[in-house]
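Residue numbers (our numbering), protein chains in the order written: chain A, 1 to 255; chain B, 1 to 159; chain C, 1 to 66.
Treat the hints as calculated values from the structure; they're not laboratory data.
EDC-like cross-link-like pairs, simulated, lysine to aspartate or glutamate; straight-line CA separation at most 16 Å:
#, chain 1, residue 1, chain 2, residue 2
1, B, K75, B, E97
2, A, K112, B, E116
3, B, K75, B, E116
4, A, K112, B, D93
Simulated restraints on C-beta separations:
#, chain 1, residue 1, chain 2, residue 2, range
5, B, K45, A, V130, 22 to 32 Å
6, B, M15, A, G137, 10 to 20 Å
7, B, K45, A, A188, 27 to 37 Å
8, C, V29, B, G110, 49 to 59 Å
9, B, A21, A, L129, 13 to 23 Å
10, B, G16, A, R12, 36 to 46 Å
11, B, A27, A, A15, 49 to 59 Å
12, B, L24, A, L129, 16 to 26 Å
13, B, A20, A, L18, 36 to 46 Å
Beta carbons are placed, not taken as given, at the ideal position from N, Cα and C, and that holds for glycine.
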Amino acid sequence: MHRFANPTRFMRLSAALLPWTAGAALALIAAGLYLGLFGSPADYQQGESVRIMYVHVPSAWMAMFCYTFMAGASAVGLIWKHPLADLAAKATAPVGACFTLLALITGSLWGKPMWGTWWEWDARMTSVLVLFFLYLGYIALINAFDDPTRGLKAAAILALVGFANVPIIKFSVDWWNTLHQPASVFKAGGPSIDPSMLAPLLLMGVGFTVYFLWVLMLRLRTEIVAAKVRALRLRQVRSGAPATPSGATPLGAKG
Amino acid sequence: MKPKRRRLTFVLIGMGLLGAAAALVLAAFRDSIVFFYSPTEILAKALPAEQRIRVGGLVEEGSLEKVAGGTVRFKITDLAETIPVTYTGILPDLFREGQGVVAQGRFQEGVLKADEVLAKHDENYMPPEVADALKKSGQWEHMKDAMEGAGQIPKGAAK
Amino acid sequence: MENLSQLLEMGGYARFVWPSFGLTLAVLVGLLVVSRRALKGAEAELAALQSAIPGRLQPADTADEA
Chain A
1 MHRFANPTRF MRLSAALLPW TAGAALALIA AGLYLGLFGS PADYQQGESV RIMYVHVPSA
61 WMAMFCYTFM AGASAVGLIW KHPLADLAAK ATAPVGACFT LLALITGSLW GKPMWGTWWE
121 WDARMTSVLV LFFLYLGYIA LINAFDDPTR GLKAAAILAL VGFANVPIIK FSVDWWNTLH
181 QPASVFKAGG PSIDPSMLAP LLLMGVGFTV YFLWVLMLRL RTEIVAAKVR ALRLRQVRSG
241 APATPSGATP LGAKG
Chain B
1 MKPKRRRLTF VLIGMGLLGA AAALVLAAFR DSIVFFYSPT EILAKALPAE QRIRVGGLVE
61 EGSLEKVAGG TVRFKITDLA ETIPVTYTGI LPDLFREGQG VVAQGRFQEG VLKADEVLAK
121 HDENYMPPEV ADALKKSGQW EHMKDAMEGA GQIPKGAAK
Chain C
1 MENLSQLLEM GGYARFVWPS FGLTLAVLVG LLVVSRRALK GAEAELAALQ SAIPGRLQPA
61 DTADEA
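Make the full structure from the sequences, and use the hints.
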């Protein structure tokens, strides 16, 4: 496992994968948008407003997927002290927060005409709002420490504690009476969505997942490069060389 | 290897305890997490008249009538018990007879005077033609059974 | 033409459907742009530092930077 999670290997692998994930994400999302907006029928009850589902549901899936990934990476970082795992968790948080925010807002835009309300404090909506705050808390906690390793460790513990919320989100609609409807796709007995509507939904879902991989690789590369910059600066200070502002070249340096 | 094993056990035990704690908290607050009560649950409780409450169920077929001044009267049913509701205001687009609904308000002489009516949606998505075909072929009732199984409508409501 | 205006109307739900799609695209594109820009910035900083440091100190594992 260490063999694959070593930063140098990751840099090489992600450089090769980046153009493919970028192309696949753009193609899948474009196809999903086309089918969702033009190539699928209106719903027998919701009419055209059903199309909001094609951005709302994949965003909500990704909100939970990103958190699960972040908690898993945090656990690996805590237990096996793997530097790449910690950085992967850190790189995931803003992506997950964006998806959660999108799920909340698009859900609100659907809820107003269909349910008759922008927001209600039912178990599903409240637990997703808590998820959003967990992401924000995680990001804030990392930045609250001067020492990056200590910040990552504290945030990893928060990510693991907050993971209790993920099954609550998933099963809230089954455990309690909620305004929100139960699951339509991942449920016993198969999806209760017409195939013509399931196709754009799944395309968008897979597209969002590949988009996540794309942005994750970009952000993880950024974290690794930033760590190298920090290490180089530290070495510079230790070796007594004058501190160099970025972009400037000190006298006597060999090109 | 030793400290790794120790950290692993620590995280696993921690997660286990956390899960147990979360389950206990949720069980303790079970009643307040519920968004609405069914008519049967409401009638089984002795409610103080001034308490605002949410009642959820299906709008009984044939019970919807429009009174003057934008006021509507309808009945919410779980097919065991029904509760009469009056409401003045704009109804959500999904509101119709036979559809899930949640009404919030106070009881006055056995009638729920609602100040908010929300429509519930079920987990079935299909184009109108498919819905018509299902109704014609008599498979609609199957779907109602499935909806009931998913807790979408109260138990026994589809019978 | 009629098809287009029909599409834009979204059966009367235009003011809910279009903002949903618009916001989703804006957030996803925005996040992508911010992430790419951060990577380019970090890479430029690393390159500047490496060129500033005597060759002996250059870490071997930066060879695959590209």
